[in-house]
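Enquirer: What follows is the residue order along each chain.
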Amino acid sequence: MPERQRHGASIGQPLTRRDGPDKVTGAARYSADFKPEGLAHAVMAVSSIARGRVTHRDIAAAQAHPGVIAVMTPENAPALAKSPDQKDNPFTFRLDLLQNDGVRYANQPIAVVIAETLEAATEGAALLAPRYEAEPVSVTLGAGEIFSPDTIGAGSATDEGSGDLAAGLAAAETRIAATYDTAAQYHNALEPHSCVAEWDGDRLTLHTPTQALWIAKGRIADLFGIPPENIQVVCHYLGGGFGSKGFIAAPQILGIMAAKMVGRPVKLVTRREQMFGPVGHRAATRQTLRLGASRNGTLTALDHHTLTLTSRHDDFVEPSGILSRHLYAAGAIATTHAVSRADIGTPIFMRAPGEASGSVAVESALDELALELDLDPLEIRLRNYAEVEPITHRPFSSKALRECYAQGAARFGWAARPRQPRQMRDADGLLVGWGLGTATYPAGMMQGEARATIRADGTALIETAAQDMGQGAWTVLAQIGADGLGLPIAQVELRIGDSNLPNGGLAGGSTGTATGGTAVHNAAQAAIAELADLAVNDPASPLYGAGNAGVTARDGRLARNDDPARSEAFSEILGRAGKASVEAKGQGAGDPASRKAYAMHAHGAVYAEVKVDPDLGQIRVTRLVGAFAAGRIVNPHLVRSQYYGGMIWGVSLALHEHAVLDPRSGRVMNGNLAEYHIPVNADVPAMEAILVEEHDPHVNPLGIKGVGEIGITGTAGAIANAVWHATGVRVRDIPITLDKLLG
Amino acid sequence: MSFPITLTVNGTARSIVLEDARVTLLDLLRERLDLTGAKKGCDRGQCGACTILIDGVRVNSCLALAVSHDGAAITTIEGLAQNEALHPVQAAFLEHDGFQCGFCTPGQILSAVGLIQEGQTGGDPERVREGMSGNLCRCGAYAGITQAVLMAHAQMTGPDVLPGRQIAEDAA
Chain A
1 MPERQRHGAS IGQPLTRRDG PDKVTGAARY SADFKPEGLA HAVMAVSSIA
51 RGRVTHRDIA AAQAHPGVIA VMTPENAPAL AKSPDQKDNP FTFRLDLLQN
101 DGVRYANQPI AVVIAETLEA ATEGAALLAP RYEAEPVSVT LGAGEIFSPD
151 TIGAGSATDE GSGDLAAGLA AAETRIAATY DTAAQYHNAL EPHSCVAEWD
201 GDRLTLHTPT QALWIAKGRI ADLFGIPPEN IQVVCHYLGG GFGSKGFIAA
251 PQILGIMAAK MVGRPVKLVT RREQMFGPVG HRAATRQTLR LGASRNGTLT
301 ALDHHTLTLT SRHDDFVEPS GILSRHLYAA GAIATTHAVS RADIGTPIFM
351 RAPGEASGSV AVESALDELA LELDLDPLEI RLRNYAEVEP ITHRPFSSKA
401 LRECYAQGAA RFGWAARPRQ PRQMRDADGL LVGWGLGTAT YPAGMMQGEA
451 RATIRADGTA LIETAAQDMG QGAWTVLAQI GADGLGLPIA QVELRIGDSN
501 LPNGGLAGGS TGTATGGTAV HNAAQAAIAE LADLAVNDPA SPLYGAGNAG
551 VTARDGRLAR NDDPARSEAF SEILGRAGKA SVEAKGQGAG DPASRKAYAM
601 HAHGAVYAEV KVDPDLGQIR VTRLVGAFAA GRIVNPHLVR SQYYGGMIWG
651 VSLALHEHAV LDPRSGRVMN GNLAEYHIPV NADVPAMEAI LVEEHDPHVN
701 PLGIKGVGEI GITGTAGAIA NAVWHATGVR VRDIPITLDK LLG
Chain B
744 MSFPITLTVN GTARSIVLED ARVTLLDLLR ERLDLTGAKK GCDRGQCGAC
794 TILIDGVRVN SCLALAVSHD GAAITTIEGL AQNEALHPVQ AAFLEHDGFQ
844 CGFCTPGQIL SAVGLIQEGQ TGGDPERVRE GMSGNLCRCG AYAGITQAVL
894 MAHAQMTGPD VLPGRQIAED AA
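So the sequence lines, in the order shown, correspond to chains A and B. Numbering (our numbering) for the first sequence: 1 to 743. Numbering (our numbering) for the second sequence: 744 to 915.
What the hints contain is simulated information worked out from the structure, not anything from laboratory work. Among these hints, one or two may not hold up.
[Unchecked claim] Listed below are several chain A residues computed to face chain B (Cβ distance under 7 Å; list not exhaustive):
| # | residue |
| --- | --- |
| 1 | ASP33 |
| 2 | ARG272 |
| 3 | GLY470 |
[To be verified] Covered by chain A, according to a simulated footprint, are these stretches of chain B (three or more residues, beta-carbon under 8 Å):
| # | region |
| --- | --- |
| 4 | 746–753 |
| 5 | 837–848 |
Glycine included, each C-beta is placed from N, C-alpha and C at the ideal position.
Model the full structure from these sequences, guided by the hints.
Expert: The structure is reproduced here in structure tokens:
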């Protein structure tokens with residue numbers, strides 16, 4: 001069936017971004033682009049030790065620098081209404097807001113200099129020349145006491161499994177056990193954490209990048225002891241978040257404190273090197289996989305143990321084992337997590353938290369098992385295809401993974417892959433390898449609300465405090481609203497990115513479109529119901545007596561279902577009723593009964609080709625084909641971009657990203673964008689993303705699953721497996737760099 | 744001490760008196776001239792978000808001191824579109840979805856304009872990727888960026904090589 005018929009007039013259409021013209025002309029204003037009257041500039045000074053305390057700051061020198069207005073330290077920082085270390089729930093993360101002289105990780109804020117100009121504030125911060133009393137640090141994975149955390153990730157069970165693992169391993173005819181390390185990673189959105197804060201009495205206007213406007217508003221209200229409705233957080237454009245802007249971070253709050261202190265609007269922008277500490281990261285992991293299988297490749301046992309790090313002062317545990325609870329069928333499954341504390345900033349959610357680091361280990365291990373069994377990597381994945389969710393035995397709400405494997409394999413040419421490694425070379429003599437990884441990510445939903453207003457002029461307004469960090473909310477929420485209202489998209493105005501609007505949930509966890517979209521859809525339907533109510537009760541309307549269920553909205557008109565020729569324009573209905581508009585709210589949340597009855601995940605298959613220089617070990621990804629099934633695709637143009645972005649993050653995880661911490665000082669040694677490698681354009685191969693058809697009647701009314709994170713999963717493992725296939729060398733220390741191939 | 748300089752910014756002559764010799768071109772544009780299109784991603788020439796054209800050549804404006812560019816002609820993202828008409832590179836970025844969050848986009852676009860004017864890449868995607876590698880994109884919009892630069896290159900220099908659409912159509 002053609003896309004246009006299957007979906008609505010707007011949903012399913014490959015529209016270009018509605019916010020695109022602003023972004024390509026420089027008109028899009030990001031948080032640090034605002035300049036209220038009287039703006040002062042604030043620059044943080046951060047700690048160069050990882051543990052201990054600050055014993056001296058040369059405040060006089062900073063203060064004496066021309067243009068410096070104030071130096072904010074623990075001695076004079078405005079009092080907060082609540083300790084930023086008070087933890088009311090697992091998602092209130094402790095923040096370092098100049099409450100004392102203690103230092104608990106490198107790059108922790110230790111002072112803020114506020115000045116008339118950015119230059120003066122920058123120099124003032126340098127003049128502080130702090131001295132410290134340093135204590136010995138530990139930042140090494142596996143050092144210190146290892147314990148079992150209460151929960152992992154977003155409150156998931158630490159350990160979960162099914163069946164008798166020991167029996168499963170004993171019954172296996174082939175077993176492998178291997179340990180995989182993944183490196184610490186920092187989000188490094190191109191837009192630094194920044195804020196422009198302006199107080200008016202006890203009211204605050206804040207421009208700051210956040211993935212969750214209402215959560216930010218609540219946290220700020222708590223810290224400053226003011227009602228949330230006194231705070232307006234504005235963020236129309238968000239320059240990348242990837243999890244690091246899910247919760248407001250210390251630098252942003254410090255900017256607000258600085259504005260309070262000097263009684264002027266203040267701009268504070270985190271410097272790039274200051275982002276390696278106070279704004280979260282993905283912790284390093286060490287994952288041990290034990291797999292057992294019968295001779296035909298059927299898994300009898302899957303044991304996935306994760307050791308990771310959290311900070312000494314707070315808890316976030318990278319949940320690498322979670323995907324093993326959902327992905328492959330096995331006679332027995334065990335997933336366990338352990339953690340130790342280190343003198344680091346608290347880790348946080350980072351694009352596909354858990355799934356990204358876990359996927360590369362599981363996909364590598366599965367290929368190691370396939371080698372032992374002399375099975376094709378695709379074959380072993382099909383033999384362990386989970387028809388129901390492995391541990392819970394719940395049916396999947398939808399799962400077109402088999403089609404993903406098949407379509408991706410056909411497009412890639414997988415059937416021609418030789419079983420043994422080091423069999424293929426290109427014309428230049430480079431080793432060529434092909435690898436496969438399965439992609440998976442939960443189809444979660446948060447809670448959100450939207451308001452739809454139909455106006456007498458026939459246009460409509462959709463409002464929700466949702467956030468567009470590049471995934472395309474400006475476009476796709478308008479598409480969903482347009483279809484829900486039966487209006488051409490050009491007639492629909494969308495307002496997002498402002499905390500004064502109804503709670504739009506969180507742009508994170510691949511839940512934004514599913515949650516916001518459902519809220520918008522429901523609000524639109526409710527507004528149409530209001531409008532229909534006016535018409536069907538009005539004897540002057542051609543819709544009189546049709547009943548609410550008896551009309552359909554299309555092209556700005558309501559038409560009777562029993563006689564579509566009898567219709568009336570929205571504007572006529574409202575005009576006769578003497579109303580300027582009708583409005584209604586709608587909620588977006590998962591249906592608890594469906595969520596209990598079904599396992600909900602998006603799936604995919606990623607095929608990778610790499611070329612490796614046999615002498616130098618240089619690795620290049622040359623081809624990536626990803627086939628993904630994620631329910632209804634609201635905008636294939638933008639969804640493809642999300643998959644590409646995720647796949648590039650997979651390349652990055654497999655081959656590039658690695659924050660190196662000095663074990664003696666605890667400092668990040670490559671805390672800048674020249675030495676902390678992320679892919680540049682030349683690192684990115686020819687890519688294809690295949691959008692595999694999938695209909696999901698259970699996940700939400702529109703059948704939408706998220707697409708923002710799944711692309712990383714599968715990809716990193718596919719590349720690791722392709723490197724093995726090219727070279728015959730299995731690298732278990734991720735990222736795979738040339739030294740590890742030559743060593 | 745003050746430092747008077749003259750710049751031509753997007754075609755308009757500007758006389759500027761700097762009170763501070765430390766001001767970079769990027770901070771001059773952003774903080775004093777209200778031209779906030781150029782972005783600060785790293786402030787040390789590693790990310791390319793601050794790319795502008797100085798006398799037609801692409802430069803990381805965070806590494807350029809304003810006082811050392813007296814007399815220069817500067818083009819920023821705000822000066823590319825002519826009236827309401829997008830520059831071919833801007834239009835191509837829009838069509839090929841060469842961005843997501845948009846933060847690196849002004850730098851990417853000016854870098855692309857500079858690259859095409861340098862005339863070194865032709866329609867070769869590999870050389871375009873190489874030539875655009877000074878501009879980081881964390882969202883991962885590189886596929887669209889490369890397609891956009893190739894398309895704009897073809898439009899701006901004549902039909903030597905027209906890029907094929909590398910993007911697979913829906914499998915369904």
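Enquirer: All hints, please: hold or fail.
Expert: Right, here's what the structure says about each hint:
no.	hint	verdict
1	ASP33	4 Å, holds
2	ARG272	4 Å, holds
3	GLY470	3 Å, holds
4	746–753	violated (count 0)
5	837–848	holds (count 10)
Hint violations for this structure: number 4 only, all remaining hints satisfied.
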